[in-house]
Amino acid sequence: MNTVNSPPVIAQRLNADTLFLIFSLVVARDRPALCSCPRHAPNQAELRQRPCCENASRECRGNASCVFGKHSNPDRCTHNLGWITLGHVCQQWRSALHGMNIFWANDLCALNNAAVVGFLPHTGSAPLNIDLSPEKVQNMLHPATRRERAEILRPHVHKAGVLRSGWYNWIPATLGEQSLPLLEMLVLSTEVPSTVIAPNLRHTVSNVGPLYHSPTHATSDGALILQAPLIHTMHLRNWSLLRCGEIPRMLTAVPSITKLVLNAEDHLYYPPSNMVDEDDAEDVQVILNLHDTILHLPSLLAIQVTGRVAEHPIIRRLLAHLVADSQNALQQLFLRDVEPSFLGSRVALDALKTHIRAIHPDRISLHFREVSRVFIVSVARQKLGCSEKDYPAMTIRLNLRNAPQSCVSILKATLFPLIPLEQVLHLYIDGLPDNTGTQFLLSSALRRLGSVHTLHLRSGQTESSSLLSIGTYPMVGLRGSSDPWLPSLTRLHINYPSHGSSPTWWKELAAALIERKGLDAPFRTLCIIVNREPVRFDDSAVEMIQRALAEVNFDDRISPATSLESLNAMSAMAAEHNRWTRDKIEDVARKMYGQVVETIEVVEGTQDGWPPGVEPWSMRPHVPDWY
Numbered sequence: 001m002n003t004v005n006s007p008p009v010i011a012q013r014l015n016a017d018t019l020f021l022i023f024s025l026v027v028a029r030d031r032p033a034l035c036s037c038p039r040h041a042p043n044q045a046e047l048r049q050r051p052c053c054e055n056a057s058r059e060c061r062g063n064a065s066c067v068f069g070k071h072s073n074p075d076r077c078t079h080n081l082g083w084i085t086l087g088h089v090c091q092q093w094r095s096a097l098h099g100m101n102i103f104w105a106n107d108l109c110a111l112n113n114a115a116v117v118g119f120l121p122h123t124g125s126a127p128l129n130i131d132l133s134p135e136k137v138q139n140m141l142h143p144a145t146r147r148e149r150a151e152i153l154r155p156h157v158h159k160a161g162v163l164r165s166g167w168y169n170w171i172p173a174t175l176g177e178q179s180l181p182l183l184e185m186l187v188l189s190t191e192v193p194s195t196v197i198a199p200n201l202r203h204t205v206s207n208v209g210p211l212y213h214s215p216t217h218a219t220s221d222g223a224l225i226l227q228a229p230l231i232h233t234m235h236l237r238n239w240s241l242l243r244c245g246e247i248p249r250m251l252t253a254v255p256s257i258t259k260l261v262l263n264a265e266d267h268l269y270y271p272p273s274n275m276v277d278e279d280d281a282e283d284v285q286v287i288l289n290l291h292d293t294i295l296h297l298p299s300l301l302a303i304q305v306t307g308r309v310a311e312h313p314i315i316r317r318l319l320a321h322l323v324a325d326s327q328n329a330l331q332q333l334f335l336r337d338v339e340p341s342f343l344g345s346r347v348a349l350d351a352l353k354t355h356i357r358a359i360h361p362d363r364i365s366l367h368f369r370e371v372s373r374v375f376i377v378s379v380a381r382q383k384l385g386c387s388e389k390d391y392p393a394m395t396i397r398l399n400l401r402n403a404p405q406s407c408v409s410i411l412k413a414t415l416f417p418l419i420p421l422e423q424v425l426h427l428y429i430d431g432l433p434d435n436t437g438t439q440f441l442l443s444s445a446l447r448r449l450g451s452v453h454t455l456h457l458r459s460g461q462t463e464s465s466s467l468l469s470i471g472t473y474p475m476v477g478l479r480g481s482s483d484p485w486l487p488s489l490t491r492l493h494i495n496y497p498s499h500g501s502s503p504t505w506w507k508e509l510a511a512a513l514i515e516r517k518g519l520d521a522p523f524r525t526l527c528i529i530v531n532r533e534p535v536r537f538d539d540s541a542v543e544m545i546q547r548a549l550a551e552v553n554f555d556d557r558i559s560p561a562t563s564l565e566s567l568n569a570m571s572a573m574a575a576e577h578n579r580w581t582r583d584k585i586e587d588v589a590r591k592m593y594g595q596v597v598e599t600i601e602v603v604e605g606t607q608d609g610w611p612p613g614v615e616p617w618s619m620r621p622h623v624p625d626w627y
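Under this note's numbering, the first residue of the sequence shown is numbered 1, with each subsequent residue one higher.
These aren't lab readings, by the way, just hints derived from the structure by calculation. Predicted model, so just to flag it, every value in this text is computed and none were measured. Do not rely on the hints blindly, as some may be mistaken.
Unchecked claim - Keeping only pairs whose Cα atoms sit at most 25 Å apart, straight-line, the calculated PhoX-like set for lysine-lysine is: (1) 389 - 353; (2) 517 - 507; (3) 507 - 584; (4) 517 - 591; (5) 383 - 259; (6) 259 - 353; (7) 389 - 259; (8) 412 - 507; (9) 383 - 353; (10) 591 - 507.
Input sequences plus hints: build the corresponding full structure.
Next up, the structure:
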């Protein structure tokens, strides 16, 4: 390309709209990054003579982490002009770039302090992306550099469209002293102001750090009050259990929120055992510290609570209040890493039951992870026009590390009574309990799901076909001669082994299909889910398998045992060529099972519809691509 002083070229005749599109593509892929090392920050030599903290002492300077008088590590040097070089093409491009304020406003905090000062005049009236989180200041090693950054940006906080604070004492703290009319996203870390005036705020995250894990702050009246009538999402992250009393008051100021996320990482505090339902006799207004204030969130669609904070009496009551107050508008309730003691609360169980009954679930998922001692139960209702992740649902992820009872005991005695089991049509099982006795109890408990017509099996630590047998009798067979397990079953969805075919997988699947048919309760549809990258085989391998299949006899007059003997030989041969394409898997399945089931489908995908996963949904709000 030509330099700024070169004569006009075709590129110079592009109109402003075309240039904006071109520049946007470059901005999204080539962000500037300028660190504060001695080479790229003119004030670094001066900074080395400044104390590391406001009250420098000999003890500080003797510490290995003290940077007084030290040079920055050249290995951490970052110097990339990124899209700024677009202004070096020609004078017209430079003028156009200077006028595109949003680019300059969004990348302020990717620069060193000297460059920030140079960028600010080009931001115009565009909302600023002020990001003082550790990720953005990792090359600003000297605390004085960080304090200087805060002082440079402090006069411009009122222009912020996005404000992310860091875990340092140099962040702009006095937000309550001014209105923030452009602010749409706020992330607070340590400083929690009493009031945030932001009429256009949409998303907020509050990271309450260790400074607030003390009774001194818990008893203060300094709750975060948001004067933000348009806010949609609120995430209270790392919230101290000692400050739960502030949450209801905060929520009264944000009636427009649609998503609420709350998690506590305060491992030093554990609710005493007598906390469970000690509040049952008290008035909810008193417990929530609302007094004459009304807490009503008519737009609330999703709640996510993580950790032991769910056991706190105020949070249990808050959940119950929000569920009841929603009048069936609440769509999703997610409880993650909850202790089983949470289910000992009548208030908590009533809240779960109210929400579950309101969504009218038609599917249930049981997810076992014995290694991590995690048990996940999800219920949901399919909703036309919605993706699986947006189905009305309730998910509880239980931490069983210290649980005295088994996962099946919790399921059978506590969770099943909350669910209208007669409405459940789909059963998803992922993994199994390790203990054979517990597997038998699980199979017995699942017999209550008499309306289920589709069984979805996904592999955990074992092959998915092993889920076809639980305990001492086949899951898909009989307990008694005339008592079929899940009598309404007509469809089986099963994951193909991620490592490829094996004799065991084909054999156990065949046994289940043949047994159900022999008991006059056959599967009519078999759907095999393939969630791996297939590998195509040479013709000789395919022909060998086809010859073996031709010898298998599925005549209805022969016994299932005879069929299985033939299948064993074929399965052993299939194991030698276990990376089949989808078409080949379907071809083999049709030849093996075509006379046992009416319809065979092989589908490629990472999952079998709902549930989309066991992790909580993300609270990352939608922001423009350049943020």
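Quick rundown of the hints versus the structure:
1. A distance of roughly 21 Å separates the Cα atoms of residue 389 and residue 353; the hinted pair therefore holds under the 25 Å criterion.
2. With a C-alpha separation of about 16 Å, the suggested pairing of residue 517 with residue 507 holds against the 25 Å cut-off.
3. Of the supplied pair hints, the one linking residue 507 and residue 584 holds, its CA atoms being roughly 18 Å apart against a limit of 25 Å.
4. Proposed proximity of residue 517 and residue 591 is supported: the alpha carbons are some 17 Å apart, at most 25 Å.
5. For a cut-off of 25 Å, the pair hint linking residue 383 to residue 259 stands: about 19 Å separates their Cα positions.
6. Between residue 259 and residue 353 the CA atoms are separated by roughly 20 Å; this keeps the pair inside 25 Å, and the hint holds.
7. Restraint check: the Cα-Cα separation between residue 389 and residue 259 comes to about 14 Å, which is no more than 25 Å; the hinted pair holds.
8. For the proposed pair residue 412 and residue 507, the alpha carbon gap of about 31 Å is over 25 Å, so the pair is violated.
9. Between residue 383 and residue 353 the CA atoms are separated by roughly 20 Å; this keeps the pair inside 25 Å, and the hint holds.
10. Between residue 591 and residue 507, the direct Cα distance comes to roughly 14 Å. Compliance with the 25 Å bound is thereby established for this hinted pair.
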